[in-house]
Structure formats: structure tokens, C-alpha cells
Amino acid sequence: MYLSDIDKRMYYGERGLAHQFSMQILVRLGEIYGAKRMVPIKSAHVGCVYPQFGAAIEIMKKIDDMKGKFCVYTSANPILNPINFNKWNELNEPLKLQKLAKKQIAYVLKMGVVPVWTCTPYFEGNLPNYGEIISWEESSAVIFANSVLGARTNRTTMGVDIASSIVGRAPEYGLLLHKNRKANISIKLNFEPKKLFEYGTLGYTIGKLCGGKVPVIENLPESTNVNHLKVLGASMATKGGISIFHAVGITPEARTKEEAFQNNKPEFEHIITQKDIKDSIIELNTAKSKKIDAIVIGCPHAGIDEIKELAILLNGKKINKDLYFCIFSSERTIELAKKMELIKIIKKSGAKIFPGSCLVSQSTKLWGWKSVATNSAKYALTLPLKPNELDVYYTDLEECIDLAVN
Amino acid sequence: MRKLVTKGRTISEGIVEGNALVSKENFSFSHGIDPYTGNVCDKLHEWTGENITNKIIFFPFGKGSTTGGLWLLEAARLGNNPKAIINLEMDPIIASGIILADLLYNIRIVALDRLEEKIFDLIETGNFIRIETLKEKIIINL
Numbered sequence: 118m119y120l121s122d123i124d125k126r127m128y129y130g131e132r133g134l135a136h137q138f139s140m141q142i143l144v145r146l147g148e149i150y151g152a153k154r155m156v157p158i159k160s161a162h163v164g165c166v167y168p169q170f171g172a173a174i175e176i177m178k179k180i181d182d183m184k185g186k187f188c189v190y191t192s193a194n195p196i197l198n199p200i201n202f203n204k205w206n207e208l209n210e211p212l213k214l215q216k217l218a219k220k221q222i223a224y225v226l227k228m229g230v231v232p233v234w235t236c237t238p239y240f241e242g243n244l245p246n247y248g249e250i251i252s253w254e255e256s257s258a259v260i261f262a263n264s265v266l267g268a269r270t271n272r273t274t275m276g277v278d279i280a281s282s283i284v285g286r287a288p289e290y291g292l293l294l295h296k297n298r299k300a301n302i303s304i305k306l307n308f309e310p311k312k313l314f315e316y317g318t319l320g321y322t323i324g325k326l327c328g329g330k331v332p333v334i335e336n337l338p339e340s341t342n343v344n345h346l347k348v349l350g351a352s353m354a355t356k357g358g359i360s361i362f363h364a365v366g367i368t369p370e371a372r373t374k375e376e377a378f379q380n381n382k383p384e385f386e387h388i389i390t391q392k393d394i395k396d397s398i399i400e401l402n403t404a405k406s407k408k409i410d411a412i413v414i415g416c417p418h419a420g421i422d423e424i425k426e427l428a429i430l431l432n433g434k435k436i437n438k439d440l441y442f443c444i445f446s447s448e449r450t451i452e453l454a455k456k457m458e459l460i461k462i463i464k465k466s467g468a469k470i471f472p473g474s475c476l477v478s479q480s481t482k483l484w485g486w487k488s489v490a491t492n493s494a495k496y497a498l499t500l501p502l503k504p505n506e507l508d509v510y511y512t513d514l515e516e517c518i519d520l521a522v523n
Numbered sequence: 053m054r055k056l057v058t059k060g061r062t063i064s065e066g067i068v069e070g071n072a073l074v075s076k077e078n079f080s081f082s083h084g085i086d087p088y089t090g091n092v093c094d095k096l097h098e099w100t101g102e103n104i105t106n107k108i109i110f111f112p113f114g115k116g117s118t119t120g121g122l123w124l125l126e127a128a129r130l131g132n133n134p135k136a137i138i139n140l141e142m143d144p145i146i147a148s149g150i151i152l153a154d155l156l157y158n159i160r161i162v163a164l165d166r167l168e169e170k171i172f173d174l175i176e177t178g179n180f181i182r183i184e185t186l187k188e189k190i191i192i193n194l
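So the sequences go chain by chain: A and D.
Position 121 of the first sequence, counted from 1, bears residue number 238 in this note's numbering, the numbering being contiguous throughout.
Position 77 of the second sequence, counted from 1, bears residue number 129 in this note's numbering, the numbering being contiguous throughout.
Keep in mind the hints are simulated off the structure, nothing from the lab.
Mixed in with the good hints, there may be bad ones.
[What the hints assert, rightly or not] Dumping the calculated EDC-like pairs for lysine to aspartate or glutamate here, alpha-carbon to alpha-carbon at most 16 angstroms:
(1) A:K219 x A:E175
(2) D:K187 x A:E148
(3) D:K95 x A:E175
(4) A:K330 x D:D94
(5) D:K55 x D:E141
(6) A:K325 x D:D86
(7) D:K95 x A:E400
(8) A:K503 x D:D86
(9) A:K503 x D:D94
(10) D:K95 x A:E148
Make the full structure from the sequences, and use the hints.
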């Protein structure tokens, strides 16, 4: 792998230990995956997750001890954090875990993180331009950045994203290269998705059909908006490990079908029907009954229009006292919703809003939760797994609300 | 002992021996293992109930969350990592966990990919095998 003079200075320790350690990680990764050189990045998005894992704390401690500082705009994913500790106290999150989370957060703040605590950093000022190279974690954000924004990132894991942000560089391989972004599977819909829930289910279905590939959806409706694309990508990534998709006439690298395929032929063509969507809904349902402990909304974080929709649907209703109705969003989106007087309506119904947080990796078991309802396909895929091990009733937003108020 | 020589890509070199754990299903360390025990906890995976600690594990591709590398790293910190990971094509998420285990904890997990696909048919769960990596060549004794 070619290293420039600056790369070499960092690699051999002239810029200090943090740069050296970071370059060691990145060069090794680059050499495995055939990177020819290191390229500058414009932003990073880091995970700040699993404070219960000693390794998650120790890697940050090591970089902090070496005085590592982020040198590009670096946002962070949601998790237990200062803006919602009080909320989690309501739900009995163990103090020990809160303490570890505070430690982890202190490290990234010292490194210079922009504390947006959200899985939708592109709504919070981390907005890379078309063709820009970035180094992001969080599969739903990675697929959004690659597909919808046309920025370029590989899926990175905790440690690698931090290393990239310290040195402002990434090894050039995988999706950083134009040729690896070409579509190889064609998807046609013979139904028209409308609701967010349908887009999430569609993403799951595509993930199931073309794991690890690059699909292009040929006929998404004109009404498709940015929130639809957010949940579509999130469930595609979670189910199929897909990091980029194209949608003809909608996403920037697919102005035409030919452009998306870079003039190659598709390996497969799939037609997705309403029946495929129904089958997927059944597969995503792991709950044995509609008896649930909570309704969880906002994975990925709810955008302002979702909060508006929630306020309209919850207006004048009362959530049953024996269950929780939890909405997850970013702190800044919630501030906006307050100004729009939406939060007042939502709170009046008894629903709770958690800024900057996420249910995955929280102690839902200790809270006594066994079963939840959600309209998020990504939650339906992740919450049945450790550590949550929840049964999930997967349905649209309207039925989620019906379950909560009746 | 039978000796197989196959082409492949060495991601992390070394010589290891141990029991094989083989699956044709894709696998994620994130939510897939309990790092504190090495037990496989993905109830939808055929390995559910198995333990990966000190095994030589074979699966085609990684899948799932970008936190997979961290789950593997945590298992390594606690001494519950597999001795070797063999894939058809290794997800950089897994390779990252392997690099970090080496740089942070000095734990070497042997890693290979791009082996001939038939290897997955020749080796069965429970076989005691020995693997030796030599750049583009991999020697498996079973």
C-alpha cells in the first residue's frame, strides 16, 4: 500500500502515539482489502455503544491516554447518555451501567465529538456532499450516506471509525471505489408502498433476497420521501448486510437504470408483490399474542414529520397505564417538536419521549419487559436478540396506537 | 491424518489446531454470541447452544450490525474468542475485530477467506483440525 509522506510520518509515530496507533489499524485493514492508498475523509460517525463491554471502554481509554483528538466533524450514535439519564432512572436502568456510560461519553467528548447522539446524523449537521469520502459506523446511517447522499463510506466498526477520525484518513477499498458501487440486482415492485411501515417491510424483503449485493429499485413511487428512504435502507442493511442501494430517478447514482448498473447486466431480477410483503410481516412477528409491555417507535430515530404524525394520531387519546409508549428521536428534533407544540400533545397522552437514546442494549429484561409492539422492521429484527430478547409484534403505526389505548 | 492444500487469502496468519465448527449459514458476532461465555445465542442460527471459544469456525459470510467487531473484541478480551475464523469472503467488520484484538490485547485470531468452496463440505463440525497459513496457500490437516 502506498503511503504519502504525511501518512508515513503518522505511521512511524512523528505525530504522536494516537496517530501511530490509528494508522496501524487502518493500514492493516487497507492491506487486507487491497487498498492502494489512504484517502482524506470529510466526516466520521462513531458508535458509543455497549458501555457494559470492557473492550468498548478500554479502546477509548487507550486513545484518550495517547491524547487522540478527532480532526474532522465527528458525530456519535445514540446510547445511554447525559441527556436521558433521568429518563432511564424512571425505567430502572442499573446505576453501574450508567456510570460506565458516563465514562465512555467523557472520553469521546474529550476527543471532540459533536454530541448529537443519533443514528440519523445527516439530519443533525453531519451532511456529507455527493462523492465525499467519510468513515461512518451504524449500518442504517452508512446505507443512507452511500445511497441517498452519494457520499462514500464502508461499514466500519468501533475503533476503526475513531482511528479514521483521529488521522482524517481511510484506506481506499470497497465502496470508496466507483466500480464497487454498481448495482447487480434489479428489483421491481408491483405494488405501491405508502406508509413508513411498508417501506421498512420492503427493505427487509430486499435484504432477504439480495444479502450482500447492490440492489436497484426501478420503480419507487414519486411520493417516496427522505424518511421512507431512511427506514427502507435501515431494514435492508440489518437483514441483508447491504451498504448501498439505488433507486432509479431518486438516488444520485441512479439517474437512469443504466447508470446504476454502470452499463452492466443485472445478475438477477426480482419482482416484489404485495404477497411478499405480507409474508415478510409474518416473519418479522415473533410475539405469540398482542399482550405487550410497551410500544416502541423511532428506529432509526423518528424524524420531525413522524413526530407530527404521532401527535395527530395520539391527540385526545390516553395510553393505558399498564404499558409504556416510548418514542426515540434526537434531542434537536424534539426541541423543534416542542416549538411546534407537538410534544405537549404527545406527553398529554401519556407517551414518553427519549432524546438521544435507543432501546437496543438497554436493560429491558430488568424492567420486566417481555414483549413489545413496533412499526420498525429494524427493531423487529434486533430486539429479539441478546441482550433484549423481546418478542415483537410488528405492525403499522395505527395499530400500535390502537394497542396502546384500548 | 489427511492433508488438504488450498488456495486462499490469509487475513491473519498463524498455525492453530482445534475442533471445527462449521455452518453454511451466515453469522454475526453482534447479538450472535455471549462474549462472557462464548455461547452462541442467536436462536435463529443453527449454532444456537454451541460454544465458539477456542474453536476453528467456518461460515460463509458475516452479516448484521457494524458493532460485530466490538462483540468479537469483547469475547477476545475475556478469552472466549475462536482460535480461527474461516469465511468465503470476510466482512471488514470481522477483520476489524481481529486487528483490534491483536493491537489491544495481543490476541492472535487466525483468519482466512477465499478458500475453495468445497472445503466447507470436507470439514464437519467436531473434526479436530490443524491449519497452517503460508501467504496464498493454506494447509489443513484433518
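Taking the hints in turn, this is what the structure says about them:
no.	hint	result
1	A:K219 x A:E175	14 angstroms, holds
2	D:K187 x A:E148	13 angstroms, holds
3	D:K95 x A:E175	30 angstroms, violated
4	A:K330 x D:D94	23 angstroms, violated
5	D:K55 x D:E141	23 angstroms, violated
6	A:K325 x D:D86	25 angstroms, violated
7	D:K95 x A:E400	14 angstroms, holds
8	A:K503 x D:D86	8 angstroms, holds
9	A:K503 x D:D94	8 angstroms, holds
10	D:K95 x A:E148	35 angstroms, violated
In summary, the numbered hints that this structure violates are 3, 4, 5, 6 and 10.
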